[in-house]
Amino acid sequence: MRRNLLILLVCLFLLPLAGLSQEPAEPIRLAEVEQFNQSLLEMAMAEQLSGFSEDGGYLVRGNGYELLLAGEDVSADSLVLSAALTGLPDSHEQTQAAPAPVSPRGVLPGMVVEDLLALYPNDNPSLAGTTDRAVLYIAGELPAAVSVGFLLRDGRSPQSIEQLVYYQAGDGVMRTGLQYTLDMGIVTAIRSFTSREALSQQQAAEELANLRSLQEQNRYVALGDRDGTRFAREDLELAGLDFLDAQLGTLDSVLGEAANQESVDNSDGSTLIISQWPGFESVFVRREGTPDRAQRLTVNGGAFEGPRGLRLGDTLAQAVSRFEHTGGADADGGALYGEADKQIPPYGLMVVNPESTLLYYAIDTQAGKAALILEFVDDLLVNMTLTYL
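Read in the numbering used here, the sequence shown has 48 at position 22, and its numbers run on one by one without any break.
By construction, these hints were calculated from the structure, which means they are not laboratory data. All of these numbers come straight from a predicted model, not from anything done at the bench. Glycine residues also receive a C-beta, built at the ideal position from the N, C-alpha and C atoms. Just to be clear, a hint being listed does not mean it is correct.
Claimed, not checked - Derived CB-CB ranges, DEER-like:
1) Gln64 <-> Pro380: 24 to 30 Å
2) Val128 <-> Glu80: 22 to 28 Å
3) Glu232 <-> Leu56: 17 to 23 Å
4) Glu232 <-> Asn89: 38 to 44 Å
Please build the complete structure, drawing on both the sequences and the hints.
What follows is the structure in structure tokens.
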């Protein structure tokens, strides 16, 4: 484990940060969607596939791809309602009769999300928005074609990226585009889609207005400027709960009714209220005449998000990179920043034990010294705690 730690720390402390200049990416075009659909249709024709009725159309399934057609016939005249590339056909099956798919901008299953994002415009590099979505760009104005890119996510975990085109069709507006499905930051499928019916001009305008409103949202910042900086007051949040302001009633509204709750009397006359949910535990201090105060919040299971998007299962290297790490820590532990040896906040500290590694990030608050404690086993995050020290 110490050897792994040394490798991780060398990467974090010595790897230079360098960017390469490149031409600005172009917004998605309608022709790209049509070319993708045509590519998969030609594959189905070459393999002489047939469709079966499903989902208001005819589904055609090939090796690593599928099409939804408006009619039963699989020919050059077929109207493609949607197409999906879910894998790559085996190389020995690729022949001139069954050509390889033409994927938009060279994207194929297996590409990492960072490379995908670089292929399209992104006016929102910090991915600011809400916890479940963020607009990447909006290019154009109706009645001309409008291109839109946006991200669907669960906190810092991206789930899909959609690239849309709104364009005039008769008296209405059609919406078509590509959806890149993601899992653990990797593209797993590429799907095209087209609205079955044209939107009215008003409906299209309202959809775009909502997207522009989302574009102004910054309630959640996935890749903020805080990455690589010291732990701060804004980081005292776990599972969407503010540690300093948390109340038991708030936890119940967010997490539901506790699976278990018990009270323990202290010698100073206060009472500890210990509540447990699946993967989450809280400890509150209750004193007569004062509001209950959170003493500790802990995540030990589930997919709860912690400070700077950390989740259980993240690596030690990922966690260290989210905060300042300019101290002299090595494979045996040590200061990440500040006067960690004297435990004078603000500081970051790594403690390496035989079976686990702990990261401490402490700050001063009006209520006392507060800290984030991260526990790693085999270099993977297994526990996150916000607590007073």
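The hints, checked one at a time:
Range check, Gln64 to Pro380: Cβ separation about 60 Å, and the 24 to 30 Å hint is violated. About 25 Å separates the C-beta atoms of Val128 and Glu80, a value consistent with the hinted range of 22 to 28 Å. Between Glu232 and Leu56 the CB atoms are about 21 Å apart, so this pair conforms to the stated range of 17 to 23 Å. The given range of 38 to 44 Å is respected by Glu232 and Asn89, whose C-beta atoms sit roughly 41 Å from each other.
Hint compliance for this structure: hint 1 is the single one not met.
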